Amino acid sequence: MFRKYLFCFLLSMVPIIELRGAIPFSQGFGLPMVPSFIVCIIGNMIPVPFIYLFARKILIWGADKKVIGKFFTFCLEKGEKGGKKLQEKAGKGLFVALFLFVGIPIPGTGAWTGTLAASILDMDFKSTVLAAMLGVLLAAVIMMTASFLTVNGIHFFA
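Positions 1 to 158 (UniProt numbering) are the ones given, in order, by the sequence shown.
I should point out that these hints are in silico values taken from the structure, not numbers from a laboratory.
Being a predicted model, the structure only gives us computed values, none of them experimental.
We put the CB at the ideal spot given by N, CA and C, even for glycine.
It is possible that some hints are incorrect.
[Claimed, not checked] Ranges between beta-carbon positions, derived for each pair:
hint, residue 1, residue 2, range
1, PHE54, GLY28, 27 to 35 Å
2, GLY69, ILE154, 42 to 50 Å
3, THR145, VAL14, 48 to 56 Å
4, LYS66, VAL151, 24 to 32 Å
5, ALA90, PHE29, 36 to 44 Å
6, ILE16, ASN152, 24 to 32 Å
7, PRO49, GLY69, 40 to 48 Å
8, LYS92, MET33, 21 to 29 Å
9, ILE46, PHE74, 31 to 39 Å
10, ILE106, GLU77, 37 to 45 Å
[What the hints assert, rightly or not] Straight-line Cα separation of at most 20 Å, SDA-like style, residue types lysine to any residue; simulated pairs:
hint, residue 1, residue 2
11, LYS89, LYS57
12, LYS81, ILE16
13, LYS66, LYS81
14, LYS85, LYS66
15, LYS126, ALA63
16, LYS57, PHE25
Please work from the sequences and hints to get the whole structure.
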């Protein structure tokens, strides 16, 4: 059981997958809802402060390197594009926009991309972490509900 929780915890830390992928796995593994919910949220939030503080600097540093340059440039451009799009739509409501950007589980959004975009937009640290946390909670509720209904629906019809 510990290995299943550890897998979900680590999967929640992976960019793009995050808890949007880890929560369905937890329900597929048959883990209890509340503990797996908490484990996935913690796993998804641990990288957020590091992304805010270091990702932009590392991406700028690596953008002109031979082997990693293309990937780092892609990540920078994705963060800048996401940040500009977020700022255009949000105006002064950047906090709410970041919260919804992180919280609505669609491809290309999440804590990693949202935090990178916030750091590129020079949003303050506390607001970024709070908006990301609220967004991760919203995404977790949505994904847990969808996973629960899917898993129970499969069992019902099987």
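- prompt: Which of the listed hints are broken here?
  reply: 3, 4, 7, 8, 9, 10, 11, 13, 14, 15 and 16
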